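Peer 1: So you can see what is in the structure, the chains are spelled out below.
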Amino acid sequence: MTLTRKLWTGIGAFIILSPLGLILPDHFKAGPAWGEWGVEEIQKMTGYVPQGLQSLSERWKAPLPDYTFQGWEGQDLVHLSFAYIISAVAGIAIIAGVALCIGKVLATEHE
Amino acid sequence: MHIPDGYLSPATCGVFGAVMIPIWTAASKAVRKTLSVRQVPYLAIGAAFSFVIMMFNVPIPGGSTGHAVGGVLVAILIGPWAACIAVTVALVIQALLFGDGGITAIGANCFNMAFVLPFVGYYVYKLISLNSPAGSNRRIIAAGAGAYAGIALAALCAGIEFGLQPLLYHKANGQALYSPYGLNVAVPAMVLVHLLVFGWVEVIVTALVVKYLQKQNAVFFEGGRS
Chain A
1 MTLTRKLWTG
11 IGAFIILSPL
21 GLILPDHFKA
31 GPAWGEWGVE
41 EIQKMTGYVP
51 QGLQSLSERW
61 KAPLPDYTFQ
71 GWEGQDLVHL
81 SFAYIISAVA
91 GIAIIAGVAL
101 CIGKVLATEH
111 E
Chain B
1 MHIPDGYLSP
11 ATCGVFGAVM
21 IPIWTAASKA
31 VRKTLSVRQV
41 PYLAIGAAFS
51 FVIMMFNVPI
61 PGGSTGHAVG
71 GVLVAILIGP
81 WAACIAVTVA
91 LVIQALLFGD
101 GGITAIGANC
111 FNMAFVLPFV
121 GYYVYKLISL
131 NSPAGSNRRI
141 IAAGAGAYAG
151 IALAALCAGI
161 EFGLQPLLYH
171 KANGQALYSP
181 YGLNVAVPAM
191 VLVHLLVFGW
201 VEVIVTALVV
211 KYLQKQNAVF
221 FEGGRS
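Those protein sequence lines, which keep their order, are chains A and B. When we follow the numbering used here, the leftmost residue of the first sequence carries the number 1, and every step to the right adds one. When we follow the numbering used here, the leftmost residue of the second sequence carries the number 1, and every step to the right adds one.
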């Protein structure tokens, strides 16, 4: 097996294990990362929602918000884990594709 | 460390976007010079690795979560400029497709995680590894130290960016317009959790993969550039 194939296999293993990044925080009752709160959480923490933050946040409707399907926010961990894996596969497919294109464009003149 | 939309003022976002444009330009020039065709798959693998490692949210029980970035490892393997491009691709897709990190904050997030993190990590690695043999333990330690320094400095930058907002942008009654916490709260909050918890995840992942690759293909570690 070539090294690149081995490394892609490793990425595949990370994809399968990725729901740990969802399940562990849930199990240990950990909230979002510092500075990545939603407006309701800021309201709770500071007693108000900063005006500019309110108008700028949540303007962009991501197709797979927070690595799940739209409308799946309240789903159980099994569903969310499934969506998380699909998100990982979709994200990696696009990212690898874009990086390969950039790499091909930049590296062509080299050899 | 993914700053969402609304936490930084439009002007701050503009500044970091403007700062990143020459960095991205320099990165594409540097990569054009140094990246060989057979290394292109590693650029894609590096971007994919950074993306997937960021999905592993590590909990602080009862507190917040965070994650490794993987950018120092990518910088050690294919160079800091190529790592800058790889992590940028991951961050842009995270913002557009998953709403992880703001669209308006792409410049700032790329500055922290695709520029400061891989470059600090890479040069700490170079400084400690010096001319040690490709398969030496010293290189593993150097990689770990680079990972730790890289993520800590990136977190410091994010903390400063957050913390400057209420100083620069607030209403007459003192209410913040964007991120509400000042430097005295934002900097320690960002730096401490990365020094104590998430930085170690970056260290372990980086060191383990370097150790594995030393056995697989030591060419990655000869003269710093394969």
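Keep in mind the hints are simulated off the structure, nothing from the lab. Since this is a predicted model, take the numbers as computed values, not measurements. Hints may contain errors.
Claimed, not checked - Straight line, CA to CA, 20 Å or less: simulated SDA-like cross-link-like pairs of lysine to any residue: (1) B:K215 x B:L164; (2) A:K44 x B:K215; (3) B:K171 x A:V49; (4) B:K215 x B:G135.
Peer 1: Run every hint past the structure and note whether it holds.
Peer 2: Consistency of the hints with the structure:
1. Between K215 of chain B and L164 of chain B the alpha-carbon distance is near 46 Å, which puts this suggested pair outside the 20 Å criterion.
2. With a C-alpha separation of about 51 Å, the suggested pair K44 of chain A and K215 of chain B falls outside the 20 Å cut-off, and the hint is violated.
3. Of the pairs offered as hints, the one joining K171 of chain B and V49 of chain A holds, with about 12 Å between alpha carbons and a cut-off of 20 Å not exceeded.
4. Our distance criterion of 20 Å between C-alpha atoms is met by K215 of chain B and G135 of chain B, whose separation comes to about 7 Å.
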